[in-house]
Amino acid sequence: MELILLFISAAIINNFVLSYFLGICPFLGVSKKIDAAFSMGLAVIFVMSITSVISWLVNHLILIPFHLEILQYVVFILVIASLVQFVEMVIKKISPPLYRALGIFLPLITTNCAILGLALFISLREYSFIQGLVFGLGASVGFTLALVIMAGIREELETADIPESLKGAGITLIVAGILSLAFMGFAGLI
Amino acid sequence: MNKTISQEFLKGFWEILPPFKLVLGLCPTLAVTTAVENGIGMGLSTTFVLFFSNVIISSIKNLIPKKVRIASYIVVIATFVVIVELVMKAYFFSISQQLGLFINLIVVNCIILGRAEAFASKNPIYLSAADGLGIGLGFTLSLILISSIREILGKGTFLGMQVMWDSFEPFAFMVSAPGAFVCLGLILGIMNLFPKK
Numbered sequence: 000m001e002l003i004l005l006f007i008s009a010a011i012i013n014n015f016v017l018s019y020f021l022g023i024c025p026f027l028g029v030s031k032k033i034d035a036a037f038s039m040g041l042a043v044i045f046v047m048s049i050t051s052v053i054s055w056l057v058n059h060l061i062l063i064p065f066h067l068e069i070l071q072y073v074v075f076i077l078v079i080a081s082l083v084q085f086v087e088m089v090i091k092k093i094s095p096p097l098y099r100a101l102g103i104f105l106p107l108i109t110t111n112c113a114i115l116g117l118a119l120f121i122s123l124r125e126y127s128f129i130q131g132l133v134f135g136l137g138a139s140v141g142f143t144l145a146l147v148i149m150a151g152i153r154e155e156l157e158t159a160d161i162p163e164s165l166k167g168a169g170i171t172l173i174v175a176g177i178l179s180l181a182f183m184g185f186a187g188l189i
Numbered sequence: 000m001n002k003t004i005s006q007e008f009l010k011g012f013w014e015i016l017p018p019f020k021l022v023l024g025l026c027p028t029l030a031v032t033t034a035v036e037n038g039i040g041m042g043l044s045t046t047f048v049l050f051f052s053n054v055i056i057s058s059i060k061n062l063i064p065k066k067v068r069i070a071s072y073i074v075v076i077a078t079f080v081v082i083v084e085l086v087m088k089a090y091f092f093s094i095s096q097q098l099g100l101f102i103n104l105i106v107v108n109c110i111i112l113g114r115a116e117a118f119a120s121k122n123p124i125y126l127s128a129a130d131g132l133g134i135g136l137g138f139t140l141s142l143i144l145i146s147s148i149r150e151i152l153g154k155g156t157f158l159g160m161q162v163m164w165d166s167f168e169p170f171a172f173m174v175s176a177p178g179a180f181v182c183l184g185l186i187l188g189i190m191n192l193f194p195k196k
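Line order of the protein sequences matches chains F and C.
Last residue of the first sequence: 189 in numbering that gives the first Met the number 0, with the numbers rising by one and none dropped.
Last residue of the second sequence: 196 in numbering that gives the first Met the number 0, with the numbers rising by one and none dropped.
The shape of chain C in the complex, shown without the other chains (with noise of 0.2 Å):
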């Protein structure tokens, strides 16, 4: 059966959709998702890391050895994980103080890794783009959701500006530690009530 595409762009949206249907990338979306901004950052960023390195490792997937396939996949992943961190320290220096180290363990996330040895070590490059282009976004979208609600809920602010009435008491859990687990584990189980295709 051949898969078309836009078959392989959206499967990312919902059927394999990261983190809740993939259980990968959790510590990035634990971490960074105190405010929107952080996780539209965040996601951008990753999606970037993994629409480059599923296009280069698929294309060169037939040079590289089995034996150092993984080493090199993480050295084709650190390269782009280094651009992207001179790009935000230059454009979006406040950004990038926010996620500080987080930015750097995209290197680790293994979101990139799972598809690059998953889906671009095995299929030809415009559909590993398509792969990896789906994933991120779905990634990305995930985490404005679970920021979304951290947010408003945390600060009563959406990208910093006061959406909740006056009077409300912002519920500081949710924008600490333990709030990002019980939140994503919450997202989790709702998204478990529909049921499997």
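Looking at chain F on its own, in the form it has when it is part of the complex (with noise of 0.2 Å):
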């Protein structure tokens, strides 16, 4: 049950986009098409799964060992570069289709701040392996839920009728305004 509550709490309340801010660069530049913004969403969702299960273990079974908390960072964004690179390539040879769906998205998640912050949040709150695990899963599941409603918006914005200086990252940040009160609405969920 716990860990139902968990997964909600990551997903909608506490999402990580529209209420912790990370993963905006993404946020507004993949957030043209809903196809994009879908295929964009699972990588993530596949990326930061196998994070947090690596981040974790290099936690507890090398850093603090040794006391190298210090290299936290330098640790973890070596691995999610390196975790990219590998999914990349195993992707590539096991599923062409997949690939080529994914495109340049896969590279670019090694820059999205998300991972990083869903790596540090790990250590930092000192969550179970289990607790991680479904950490990681409830945020990158709204980091998609979020992408895709953006996108699905921002489709629609396209044929509406906006002042010409508000065109592009502008409307965009104040829809994603409107998007976050809405998502404040679930704030009493739990």
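Check the hints yourself; a few may be wrong.
As the list claims (entries may be wrong) - Calculated Cβ distances over 10 Å to all of chain F for the following chain C residues:
#1 Cys26
#2 Thr156
#3 Val181
What the hints assert, rightly or not - Using 30 Å as the maximum straight-line C-alpha spacing, the simulated BS3-like pairs for lysine-lysine come out as follows:
#4 C:Lys154 with C:Lys88
#5 C:Lys65 with F:Lys92
#6 C:Lys65 with C:Lys10
#7 C:Lys10 with C:Lys20
#8 C:Lys10 with F:Lys166
#9 C:Lys20 with F:Lys166
#10 C:Lys10 with F:Lys91
#11 C:Lys20 with C:Lys60
#12 F:Lys91 with C:Lys65
Claimed, not checked - Beta-carbon label-pair distances, calculated as ranges:
#13 C:Pro169 with F:Ile129: 25 to 35 Å
#14 C:Asn61 with F:Pro162: 29 to 39 Å
#15 C:Phe193 with F:Lys91: 43 to 53 Å
#16 F:Met88 with C:Ile189: 42 to 52 Å
#17 F:Leu60 with C:Asp165: 55 to 65 Å
#18 F:Leu60 with C:Pro169: 21 to 31 Å
#19 C:Ile69 with F:Ala100: 32 to 42 Å
#20 F:Glu125 with C:Leu85: 17 to 27 Å
#21 F:Glu1 with C:Phe92: 24 to 34 Å
Derived from the structure by calculation, the hints contain no laboratory data.
In this text, all values refer to a predicted model and were calculated from it rather than measured experimentally.
For every residue, glycine included, the Cβ atom is placed at its ideal position computed from N, Cα and C.
Two chains, each in its own frame: build the complex with the hints.
Quick look at the structure:
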């Protein structure tokens, strides 16, 4: 039960994009088309779940026993970068269609601060292995949800009559604000 | 055309002022600007990292193999972020508590990686230093602008001092998450009203 609550909390109430402001760059960059947003979301779910496992293992089996916590980000960011590279190679080998669908989005994930944020949150809040995995899944599902909703709204916005100076990033941010307001409504859920 | 140091320094204040003109580095911009103090802390930390990583990357640009350059840049940047974090924890503990995770996340701030890739890896050391300092200070000024608006409207204070009249009802929306998005979106819209050169 506790794990379900953790999942819902990470996915909806403390949504990474809309309430922690993590991963705004891909959120604004890849939310023009629903298809692309969905592919990006899948790639993020994939990488985030693996990251939460690997970063927990690295933290608890290597960094803490050797008192090297100070190297945390250097190690985490290298783990994420190599993980993304590795995932890219595996997908290319196993499923070329999926690889083509994800395309440029896979390498971009390295600089998505939501992933590093996730690894740091897990170590900061001292989650257990299972909690970390559930938190990672929840956060990535929440990211995908926000991304797909945003892409849906932006597809509609293309035909809307928007003041010239707000076109592009301006209106997107304002819409994101309204979306974030809607997500705040879930705050009383737990 | 040879650009001078001052041109490289000044372009960070308007021409490519982050985060408005370069729409990069939005995560810290949105997250830490609830109070002016945090905005200044975040801006100066980023400036420090940006300046030194630009200088280092520019001085070793010929030694880094092309294929692993991004990973090398990240290691250089991460080193300076660790320095910033330790200094902040030692001397500015309350700000470092406020900024929390976002100090660590300077590592993946796209502005820094972007400048390393787009500028420091192609230009001599003195120009990279000017570029890093200019963009960093421009970013600091933008953070101060956004955080001033949010703090004054959201809490009625500026740097913790009461600036609005007594009966002023704080506009709590501005310091919450949605307010950050809307505030930045409106500022972007206003800046776009000025004609592009």
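- Message: Need the list of violated hint numbers for this structure, in ascending order.
- Response: Numbers 1, 3, 10, 13, 14, 18, 19 - these are the hints that the structure violates, sorted from lowest upward.
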